[in-house]
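Start from the sequences and build out the full structure, keeping to the hints where you can.
Sequence lines, in order, name chains A and B.
Throughout the first sequence, residue numbering follows my numbering, covering 1 to 215 in sequence.
Throughout the second sequence, residue numbering follows my numbering, covering 216 to 563 in sequence.
Hints were generated in silico from the structure; no laboratory data involved.
Since no wrong hints were added, every one of them can be taken at face value.
Cross-link-like lysine-lysine pairs, in silico, DSSO-like; alpha carbons within 30 Å at most:
| no. | chain 1 | residue 1 | chain 2 | residue 2 |
| --- | --- | --- | --- | --- |
| 1 | B | K544 | A | K77 |
| 2 | A | K42 | B | K411 |
| 3 | A | K177 | A | K158 |
| 4 | A | K168 | A | K201 |
| 5 | B | K422 | A | K21 |
| 6 | B | K544 | A | K158 |
| 7 | A | K42 | A | K26 |
| 8 | B | K548 | A | K73 |
| 9 | A | K66 | A | K77 |
| 10 | B | K445 | B | K460 |
| 11 | A | K77 | A | K123 |
| 12 | B | K548 | B | K562 |
| 13 | B | K422 | A | K38 |
| 14 | A | K42 | B | K414 |
| 15 | A | K107 | A | K123 |
| 16 | B | K324 | B | K244 |
| 17 | A | K42 | B | K407 |
| 18 | B | K526 | A | K38 |
| 19 | A | K36 | B | K407 |
| 20 | B | K547 | A | K48 |
| 21 | A | K123 | A | K196 |
| 22 | B | K441 | A | K77 |
| 23 | A | K26 | B | K493 |
| 24 | A | K48 | B | K526 |
| 25 | B | K441 | B | K493 |
| 26 | A | K73 | A | K168 |
| 27 | A | K168 | A | K123 |
| 28 | B | K414 | B | K295 |
Given next are the chains, with one letter for each unit.
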Amino acid sequence: RLTQVRWSRYNPSFLEPEVNKELYQKPWEELSEEEKEKLELKAVQPIKAAPPTVSSSVFSDPMISKFTNMMMKDGNKVLARSLMAQTLEAIKRKQLEKYHKAPEEEKETIECNPYVIFHQALKNCQPIIGLSSITKGGKTYQVPVPLKDNRKRFLAMKWLITECRENKNRRTLMPEKLSQELLQAFNNEGPIIKKKHVLHKMAEANRAYAHFRWW
Amino acid sequence: LRLIYTTTAAQRKNVGASGPEKYTEAFIKKQIEEFNLGKRHLANMMGEDPETFTQEDIDRAIAYLFPSGLFDKQARPMMKHPSEIFPEQRKIQWGEDGRPFHFLFYTGKQSYYSLMHETYEKLLNAQKYQDQLIAQDLPPEKEKRNLAGSRWLTKIELEEMLLEKLSDDEYSRFIQLLKKLMTLPCGDIEEKYIQKFSKEVPAQLQKVVIEPLKYDERGVAFSTGKGTRKTARATAVVYDNGTGKITVNGIDILHYFPVLQDREQLLFPFQFLDRVGKHDTVCTVSGGGRSKAGAIRLASAKALRSFVTEKEVEFMRQAGLLTIDPRVKERKKPGQEGARRKFTWKKR
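Dropping the structure here:
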């Protein structure tokens with residue numbers, strides 16, 4: 001089988017573990033035929049061990065863990081995790097402040113759950129088209145190219161982190177800056193949304209070269 | 216992109232496909248006659264019956280008569296049937312006038328392309344059969360083949376069958392065709408054809424024996440489990456009717472594991488089974504660093520199997536709680552700075 005990993009300690013016949021509790025609590029009759037077949041197949045195949053970052057509790061979120069890993073420097077997961085927790089706390093505090101100051105009609109529209117804000121902000125930051133450099137006839141052109149879901153998520157997270165680390169923010173701490181960026185992205189404002197729009201405009205401008213793409 | 220997880224057996228060269236004939240048919244016939252004669256001589260030498268002398272007996276006799284201390288099994292003296300020593304090779308594919316026998320000779324891979332043509336023909340027949348069934352208003356039969364018990368031929372096995380080298384792309388195309396053929400309702404001939412290219416997987420998952428609950432002096436049920444992860448070794452004793460306290464080497468987990476992630480891992484099996492506040496755990500752990508938490512997780516999951524129904528054990532296995540994590544630190548190689556990191560490349 002072809003993959004990009006040179007080798008793995010697991011035999012290729014091992015499947016990925018499924019940690020979500022709700023999938024296992026469905027009674028037998030409610031499952032559709034395809035799912036029953038899948039379960040029967042799974043019963044005979046070996047499964048890999050669950051990684052230490054993953055857990056079945058409500059607090060573990062794959063998107064949040066991915067973001068924490070990207071924020072991590074030199075393998076310091078403890079620091080990255082604490083920064084993430086502080087960011088979520090900061091978002092909650094800011095939203096609660098707004099909630100208590102707002103008049104009665106607007107109180108329902110204000111979102112207080114930091115996880116919801118994080119997911120929505122990421123979604124708003126994701127670009128739809130990307131640019132890829134293709135060399136044809138000696139010249140390199142920037143060709144608009146559709147992006148995969150993984151790539152979109154990665155770009156959104158990367159932009160968030162680079163925006164918070166650089167751009168002349170020496171005095172503010174990371175959680176504060178990150179929470180500010182996430183709230184701005186949630187409301188479709190801020191420098192990251194601007195970056196996304198700039199990318200879209202460049203792709204629109206280079207529309208003429210779209211036929212250079214062969215995949 | 217490279218092939219991953221190949222065993223040494225799978226990496227052996229496909230001699231049958233390379234180059235023209237190395238040994239003639241007459242030569243092989245002579246070798247077979249000599250082998251049979253030699254087998255009878257050997258049987259006489261060992262004092263056994265030449266008629267009922269099997270390959271295992273030959274191996275034992277040769278190991279007795281020619282003891283060898285060499286490590287590689289292939290380097291020791293062996294006496295096997297010539298068909299195992301001289302691999303099958305392609306016969307000459309053109310006649311005396313230079314004209315090839317097979318009509319697809321000039322494609323370069325005649326057996327592969329003829330196989331593809333045959334399979335496609337079977338596919339078309341199966342589609343015709345399905346159309347006939349629909350025309351007669353009969354419901355389409357969905358025979359459930361046992362997917363779990365069989366696997367397709369690997370690329371190397373297919374190459375040996377066809378005596379030709381194949382590329383990964385061609386192999387995957389052939390398997391896709393076979394899968395498509397499998398989805399259609401087809402008759403007996405096609406079933407036999409598909410069975411030629413699939414192999415049984417006899418190794419069932421070993422049934423692990425779940426130990427019954429033990430009872431200590433106070434009458435409380437408990438069970439033990441062992442777990443390992445990298446270099447950490449842990450044993451966990453899970454007691455029933457508890458408050459959810461976990462003690463490691465005599466110290467509470469809040470002091471032993473200051474990191475939140477480790478504590479989450481310890482509670483993972485209990486949280487998965489909705490038994491967070493019901494069991495008391497006493498663990499001992501040695502070795503390792505952060506991997507102690509992973510070792511205790513495995514140990515407590517194994518101990519919990521005795522408290523829980525078989526279905527839930529299966530769910531735990533599918534969640535990855537009962538597998539030993541085989542990942543260990545990769546060794547450092549000579550000529551490189553670390554396991555993967557190479558030295559800084561200097562132009563001069």
